[in-house]
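Model the full structure from these sequences, guided by the hints.
Here's the letter readout for the chains.
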Amino acid sequence: MRPFTYTRATDVNSAVQEITRHEKAKFVAGGTNLLDLMKIDVMAPQHLVDITRIALNTIEATADGGLRLGALVTNNDTAYHEQVEKRYPLISHAILAGATGQLRNMATDGGNLLQRTRCYYFYDTQTPCNKREPGSGCSAIKGYNRDLAILGTSEHCIATHPSDMCVALAALEASINVTGPKGERTIPIADFHRLPGDTPHIDTNLQEDEIITSIDLPAKGFAEHYTYLKLRDRASYAFAIVSVAAALDLDGDTIKEARIALGGVAHKPWRKPEAEAMLQGQQATRENFRKVAEAYLEGAKGYGDNDYKIELAKRAIVRALEQAFNKEGAA
Amino acid sequence: MKTDQIGKERNRVDGKAKVTGEAKYAAEFEAENLAYGVVVSSGIAKGKIKSIDASKALALDGVLQVFTHENRPGYMWLDKNYKDDDAPPGSPFRPLYDNEVQFSMQPIALVVAETFELARYAAMLVEVAYETAEHDTDFDANLEQAYEPEEYKASEPPKPRGDVDKALAEASARIEQTYTHPAEHHNPMEMHASTAVWEGDGKLTVYDKIQGVQNSQQYIASAFGMSQDEVRVISPFVGGAFGSGLRPQYQLFLAVLAARELQRSVRVVMTRQQMFSFGHRPKTLQRFKLGADADGKLQALQQEVYGETSRFEDYSEDVVLWPGVLYPCDNTKLTHKLVGLDVYTPLDMRAPGGTTGIYALECAIDELAYEAGVDPLEFRKKNYSEKDQNEDKPFSSKELRECYRQGAEKFGWSKRKMEPRSMKDGHQLIGWGMAQGAWEANQAEASAKAVLSKDGKLTVSSATADIGTGTYTVMTQIAAEALGLSLEDVTFKLGDSDLPKAPLEGGSKTVATVGSAVKKACEQVQEKLLKLAQEQSNSPLAETKLEDVEFSEGRISLKRDASKSMQLQDLLQHSENGSLEGEVSTKPSDESKEYARYAHSAVFAEVKVDEDLGTVKVTRVVTAVAGGRIVNPKTARSQILGGMVWGMGVALHEHTVMDNHLGRFINHDLDKYHVPVNADVQEMEVIFVEEEDEVVNPLGVKGLGEIGVVGVAPAIANAIFHATGKRVRELPITMDKLL
Ligand SMILES: Cc1cc2nc3c(=O)[nH]c(=O)nc-3n(C[C@H](O)[C@H](O)[C@H](O)COP(=O)(O)OP(=O)(O)OC[C@H]3O[C@@H](n4cnc5c(N)ncnc54)[C@H](O)[C@@H]3O)c2cc1C
Ligand code: SF4
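These protein sequences, in sequence, are chains A and L.
Quick note on numbering that gives the first Met the number 0: the first sequence kicks off at 0 and runs consecutively.
Quick note on numbering that gives the first Met the number 0: the second sequence kicks off at 0 and runs consecutively.
Hints in this document: simulated from the structure, not taken from any laboratory.
Ideal Cβ placement from N, Cα and C applies to all residues, glycine included.
Please note that the accuracy of each hint is not assured.
What the hints assert, rightly or not - Beta-carbon label-pair distances, calculated as ranges:
no.	chain 1	residue 1	chain 2	residue 2	range
1	L	ASP137	A	THR9	51 to 61 Å
2	A	ASN12	L	ASP424	49 to 59 Å
3	A	LEU194	L	THR114	51 to 61 Å
4	L	GLU130	A	THR124	54 to 64 Å
5	A	THR124	L	GLY14	33 to 43 Å
6	A	LYS38	L	ALA58	15 to 25 Å
Said to hold, decoys possible - Keeping only pairs whose Cα atoms sit at most 35 Å apart, straight-line, the calculated DSBU-like set for lysine-lysine is:
no.	chain 1	residue 1	chain 2	residue 2
7	L	LYS492	L	LYS558
8	A	LYS326	L	LYS671
9	L	LYS423	A	LYS300
10	A	LYS300	L	LYS725
11	L	LYS671	A	LYS25
12	L	LYS17	A	LYS290
13	A	LYS23	L	LYS671
14	L	LYS380	L	LYS616
15	A	LYS300	A	LYS255
16	L	LYS17	L	LYS296
17	L	LYS47	A	LYS141
18	L	LYS288	L	LYS492
19	A	LYS141	L	LYS736
20	L	LYS736	L	LYS296
21	A	LYS326	L	LYS616
22	L	LYS492	A	LYS300
23	A	LYS255	A	LYS290
So, in structure tokens, the structure goes:
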């Protein structure tokens with residue numbers, strides 16, 4: 000780990016001031032991702048602004064009937080929060096499908112949004128990686144890419160965003176409140192993470208000097224028909240190969256609204272509203288689910304080792320929609 | 000036989016020390032003025048180091064030195080000086096020898112600083128320029144170049160018997176299949192570490208993570224031209240090793256080098272990533288041809304093995320040993336060739352050769368059973384070997400039939416339908432599979448010393464190791480049993496090169512090897528006690544022989560008349576120097592060598608495979624083991640359970656991925672290298688069947704460290720076939736292969 004300086008911010012404004020004042024500065028919250036990356040020299044901030052003492056650790060109702068998750072609420076406190084469990088069980092399930100109890104006790108909701116990819120090469124400073132070192136090349140494209148992206152990739156990077164929570168946030172159309180030197184703004188989750196394009200080193204549209212203050216969940220929580228299906232290589236402590244957050248609003252067997260977000264397949268949680276819309280007014284049948292799945296994966300591209308993910312993702316979508324329909328959220 | 004300790008469930012005698020943190024591991028020993036070394040690993044797989052610029056590192060306040068091939072001291076650089084007790088034929092790797100890079104992540108510099116953090120930071124500042132050469136790490140592409148080594152590290156493949164081609168042609172059922180086992184890394188919990196304590200006058204005490212302290216001692220002495228008494232190696236606790244600690248690893252060499260040069264104590268600990276920079280289980284490909292006659296009897300067996308090795312050593316393991324042990328067959332052909340690559344030399348990993356060989360053999364046999372239309376368990380019963388055909392010797396004991404019986408009954412095998420895809424629960428396809436396994440029950444030479452002191456406390460010692468297996472506990476039991484003491488009155492010492500000689504702890508032979516020495520050393524003390532007893536006036540034991548007395552509850556008494564007895568503690572007051580000693584060396588009996596000595600197992604597994612998604616859950620495993628006498632059912636069960644979880648990892652998870660473009664193992668951390676987690680482990684049951692063996696060794700034990708592993712992966716693979724109808728012949732079996 001390279002030496003760095005450290006200050007502790009007491010409120011949002013001082014945090015923003017601190018981050019602007021210092022060269023190559025980063026916020027640190029739970030530290031579960033940042034510190035790991037610093038130890039192996041993948042990230043090397045010169046200054047850390049500790050934000051853990053800022054009062055952003057509450058969950059409160061919003062004026063429009065939704066729920067506001069403070070950026071510093073831990074993943075576990077969020078998942079087990081009574082209102083979240085009751086009204087947004089999809090969020091609870093997604094969070095609990097991730098990491099381990101110990102990690103979730105440290106990990107914050109804000110940090111979760113900004114966790115970095117788990118691409119093998121990104122973690123090994125001795126290998127070329129455009130995300131870690133722009134212009135050095137992408138080792139994964141011609142190397143081992145079994146876990147990597149099949150949608151929205153570029154010739155520069157095929158990394159995935161590894162978060163589970165964000166997949167649920169995408170399905171529920173959450174929005175992210177941030178504060179920077181120019182004031183506050185709100186970024187819809189769909190616009191928060193970026194595709195790699197030719198700037199794979201930039202993960203999100205958050206500016207370096209902006210702090211996430213909270214995440215807003217809209218009023219509609221799909222608490223009845225939802226599922227978070229996570230496919231992974233072992234039962235716990237593994238990132239998703241493919242995950243699906245699915246939510247349905249039903250009128251009998253007829254679908255009024257469907258939400259589908261995919262994890263583990265792209266540089267961001269993958270939504271395709273026009274494909275979701277195909278289900279509107281349709282019956283909840285396996286055939287219809289498969290049609291949407293096909294549409295969702297249109298344009299998907301494998302890189303050899305990860306070709307299987309295309310079919311797997313389709314089947315996962317079908318399964319997730321079935322489970323949501325059958326109220327097997329926890330299955 | 001009546002026993003007080005042997006065969007009894009006992010908690011680990013070192014359990015408390017371990018859970019309270021009192022037990023110290025190699026990187027936890029403190030020394031005055033300790034300096035910290037961090038290793039710089041090569042970024043390329045092959046080539047030359049053009050230059051190493053350590054100026055930025057050295058400029059930091061507190062960085063003591065950066066050792067490289069350029070400034071290393073100039074002595075003892077003959078490769079033969081680097082041989083250790085587990086070295087395969089060839090030229091051992093010599094850290095910092097010259098500017099050649101022979102494998103990716105090769106240690107190329109050691110940065111030593113006042114603190115660990117500083118050393119780690121300074122290591123990032125070392126700039127290396129390479130002249131890259133073309134590497135080749137592609138196993139599959141080099142099968143054609145495979146060769147038979149001049150000398151096998153393991154046993155030579157058994158000679159061919161009969162005529163395989165003819166028997167295959169005549170067979171009524173046959174299969175021909177290829178099985179692949181990936182490279183795997185040991186990944187014990189504890190990373191490799193050495194704390195070299197500078198004692199002055201060129202003397203060193205080294206705390207090392209190793210499976211045999213005397214191997215490290217000998218290695219250091221030889222590599223650095225020191226005499227054995229200038230270096231003492233201590234290793235009281237090992238946080239798992241699984242074979243990775245059989246050979247001294249480079250952190251030991253580098254810690255010693257730095258300590259000698261700086262004349263100061265130095266600690267070097269590998270990072271988790273560096274745990275992927277030395278030995279591993281070799282990638283292994285096996286082609287099987289099997290044929291059976293109309294009765295379902297095996298008539299032809301051909302096994303063609305290709306195993307990975309480095310360019311500098313010929314590593315091989317016993318992959319082709321198993322057919323001759325497990326199946327009678329008159330027409331066999333067994334070959335084992337090596338594929339040389341630009342990698343570090345592979346290294347024995349838990350059940351080396353057995354994990355790979357038995358996996359493929361037992362899957363191939365399952366395929367043949369299906370081809371012949373015979374229930375897989377029935378097939379094995381029909382083809383039950385009564386002798387070891389490799390060496391044409393009878394078994395010292397073999398209760399494998401009883402393993403079949405008890406295992407099958409517990410599992411409910413008789414309710415199995417032969418047809419694949421015949422059981423289902425919702426989306427889950429249910430499959431039942433089985434396999435059998437064997438592992439060598441060897442005994443080696445070892446020494447031990449027992450000292451019974453005036454206060455009635457017994458101290459027994461031998462320079463063996465406890466790699467988490469329970470050696471401390473079991474040796475304490477064996478000694479306590481011999482002298483009729485309680486466990487609290489016995490202390491067993493190990494992991495110190497000053498102690499009586501013992502071999503590496505590996506190959507499931509420690510209880511047989513060291514246990515036999517411990518037993519005999521205690522028997523010497525028994526004799527001395529009896530003599531002392533008889534010397535007392537009016538001794539109730541006068542004129543008795545050793546076989547007429549027993550030692551129990553702190554007394555020596557006449558077997559046929561327990562009223563004639565004496566208290567050990569009273570007797571000890573009369574001993575000349577206040578204590579009695581026994582010191583012995585033991586080796587296997589000539590009689591035992593007339594027999595093939597193996598532990599056996601039968602494994603039954605149930606899996607659930609999602610019909611659409613290919614996810615696999617292992618819902619139930621029953622392992623029945625015939626492992627001779629079980630000294631401690633509790634630690635024994637732990638060994639087998641650990642082995643079963645390990646086998647599950649072999650079947651479903653473990654795989655070190657080689658990126659052939661980079662010539663580098665790429666999933667080098669525990670996020671990306673998967674072993675099973677708790678949530679993967681469901682019902683697991685262990686059965687020990689009765690097995691008496693008078694020949695195998697004086698204790699009648701067989702060793703349990705590896706037998707628990709070998710049959711599990713094939714049982715799971717066979718269950719997956721039964722669930723899905725699909726044979727996946729490349730481990731690990733992940734969902735992509737089942738779609
Ligand atoms: C072994 C392991 C397994 C894991 N498994 C999973 C899994 O299965 N699924 C999953 O979803 N996640 C998993 N995680 C990731 C885990 O969820 C994230 O590490 C965690 O959510 C990050 O939160 P943190 O508070 O610790 O962030 P930190 O490490 O403190 O920060 C991460 C990044 O976010 C920035 N940051 C943090 N808070 C703010 C803020 N309020 N405003 C602006 N920037 C901010 C930091 O500057 C830093 O760049 C795993 C992690 C580990 C170590
Ligand atoms: S996929 Fe992205 S993160 Fe992975 S090596 Fe390529 S550029 Fe780096």
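Consistency of the hints with the structure:
no., hint, result
1, L:ASP137 x A:THR9: 51 to 61 Å, "holds, 57 Å"
2, A:ASN12 x L:ASP424: 49 to 59 Å, "holds, 57 Å"
3, A:LEU194 x L:THR114: 51 to 61 Å, "violated, 43 Å"
4, L:GLU130 x A:THR124: 54 to 64 Å, "violated, 20 Å"
5, A:THR124 x L:GLY14: 33 to 43 Å, "holds, 41 Å"
6, A:LYS38 x L:ALA58: 15 to 25 Å, "holds, 22 Å"
7, L:LYS492 x L:LYS558, "holds, 31 Å"
8, A:LYS326 x L:LYS671, "holds, 33 Å"
9, L:LYS423 x A:LYS300, "holds, 33 Å"
10, A:LYS300 x L:LYS725, "holds, 26 Å"
11, L:LYS671 x A:LYS25, "holds, 26 Å"
12, L:LYS17 x A:LYS290, "violated, 57 Å"
13, A:LYS23 x L:LYS671, "holds, 29 Å"
14, L:LYS380 x L:LYS616, "holds, 28 Å"
15, A:LYS300 x A:LYS255, "holds, 31 Å"
16, L:LYS17 x L:LYS296, "violated, 51 Å"
17, L:LYS47 x A:LYS141, "holds, 25 Å"
18, L:LYS288 x L:LYS492, "violated, 50 Å"
19, A:LYS141 x L:LYS736, "holds, 21 Å"
20, L:LYS736 x L:LYS296, "holds, 32 Å"
21, A:LYS326 x L:LYS616, "holds, 23 Å"
22, L:LYS492 x A:LYS300, "violated, 61 Å"
23, A:LYS255 x A:LYS290, "holds, 17 Å"
In this structure, the earlier hints numbered 3, 4, 12, 16, 18, 22 are contradicted, and the remaining ones agree with it.
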